[in-house]
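Q: Chains A and B are the protein sequences, given in the same order.
Counting in our numbering, the first sequence runs from 1 upward without gaps.
Counting in our numbering, the second sequence runs from 1001 upward without gaps.
If you're looking for bench data, these hints aren't it; they were derived computationally from the structure.
Here a beta-carbon is modelled for each residue, glycine too, at the ideal position from N, C-alpha and C.
One thing to keep in mind: the hints can contain errors.
[What the hints assert, rightly or not] Label-pair distances were calculated between CB atoms; the ranges are:
| id | chain 1 | residue 1 | chain 2 | residue 2 | range |
| --- | --- | --- | --- | --- | --- |
| 1 | B | Q1082 | A | E79 | 40 to 50 angstroms |
| 2 | B | V1111 | A | F10 | 21 to 31 angstroms |
| 3 | A | T54 | B | P1114 | 41 to 51 angstroms |
| 4 | A | E59 | B | Y1039 | 23 to 33 angstroms |
| 5 | B | S1005 | A | G63 | 40 to 50 angstroms |
| 6 | A | G99 | B | D1054 | 13 to 23 angstroms |
| 7 | A | P61 | B | P1114 | 17 to 27 angstroms |
| 8 | B | Q1045 | A | P8 | 43 to 53 angstroms |
| 9 | A | S18 | B | K1061 | 40 to 50 angstroms |
| 10 | A | A82 | B | P1055 | 38 to 48 angstroms |
| 11 | A | F10 | B | Q1045 | 20 to 30 angstroms |
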Amino acid sequence: NAGVTQTPKFQVLKTGQSMTLQCAQDMNHNSMYWYRQDPGMGLRLIYYSASEGTTDKGEVPNGYNVSRLNKREFSLRLESAAPSQTSVYFCASSVGTSGGFDEQFFGPGTRLTVL
Amino acid sequence: AQSVSQHNHHVILSEAASLELGCNYSYGGTVNLFWYVQYPGQHLQLLLKYFSGDPLVKGIKGFEAEFIKSKFSFNLRKPSVQWSDTAEYFCAVNPYYGNNRLAFGKGNQVVVIP
């Protein structure tokens, strides 16, 4: 099992460009998440999806959109990138749809720089 | 605002020293509590978690954590650290009983000197 995979690993964008970060999991998990990690800020939830076909905003959703394409895949889109979106982006998944008990499994991250 | 607090962001200690990292949260009601670790160049992974029962929980690699409800705390401990414990440690709280959202603290960067 590959677990949670993310592409690309690194990306440099110019202000105003758009891009989509891809995430896939092969563990048959129901819930998927997108976080951003900034130095000294910990991880902050951008969006999450408790099941296929549902998405909800997290703590910092502005400037992002998501798509839960199917049970395996959850993509994050930046429509018009801004320097404030320079960060490391992590995708994660967990088995259940609710309850808050489940371990989240994380991908390797995408390091994004917006110039 | 409701939050998860971790103090002493940078910790430097020698091998065999004891480690304690504090975590305090401000959410009321039932919470689920986690500690995650990120070793250099690796994914975040779960160290331990607490939902109910014995407030002293044991995790991987000799770590343990104690839940003190009256203090809204979930402190992480290891009696004797090794160089391989160099990592960033994150406390996380699920304050939204009924869904899986986690609120993370800002992390503790721990460096163990051989």
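Q: Give a verdict on every hint.
A: Status of the hints after comparison with the structure:
1. Taking the beta carbon of each, Q1082 (chain B) and E79 (chain A) are about 46 angstroms apart, inside 40 to 50 angstroms as hinted.
2. Between V1111 (chain B) and F10 (chain A), the C-beta spacing of about 25 angstroms keeps the proposed range 21 to 31 angstroms intact.
3. For T54 (chain A) and P1114 (chain B), the Cβ-Cβ distance of about 48 angstroms falls inside the hinted range of 41 to 51 angstroms, so the restraint holds.
4. Restraint check, E59 (chain A) to Y1039 (chain B): a C-beta distance of roughly 25 angstroms satisfies the suggested window 23 to 33 angstroms.
5. Taking the beta carbon of each, S1005 (chain B) and G63 (chain A) are about 27 angstroms apart, not inside 40 to 50 angstroms as hinted.
6. Between G99 (chain A) and D1054 (chain B), the C-beta spacing of about 20 angstroms keeps the proposed range 13 to 23 angstroms intact.
7. For the hinted restraint 17 to 27 angstroms between P61 (chain A) and P1114 (chain B), the CB-CB distance of approximately 43 angstroms leaves it violated.
8. At about 22 angstroms, the CB distance of Q1045 (chain B) to P8 (chain A) disagrees with the hint of 43 to 53 angstroms.
9. Distance hint check: the CB atoms of S18 (chain A) and K1061 (chain B) are about 42 angstroms apart, consistent with the given range 40 to 50 angstroms.
10. Checking the proposed 38 to 48 angstroms range against A82 (chain A) and P1055 (chain B) shows it holds: the Cβ atoms sit about 44 angstroms from each other.
11. Separation of F10 (chain A) from Q1045 (chain B) is about 22 angstroms and conforms to the stated range, judged on CB atoms against 20 to 30 angstroms.
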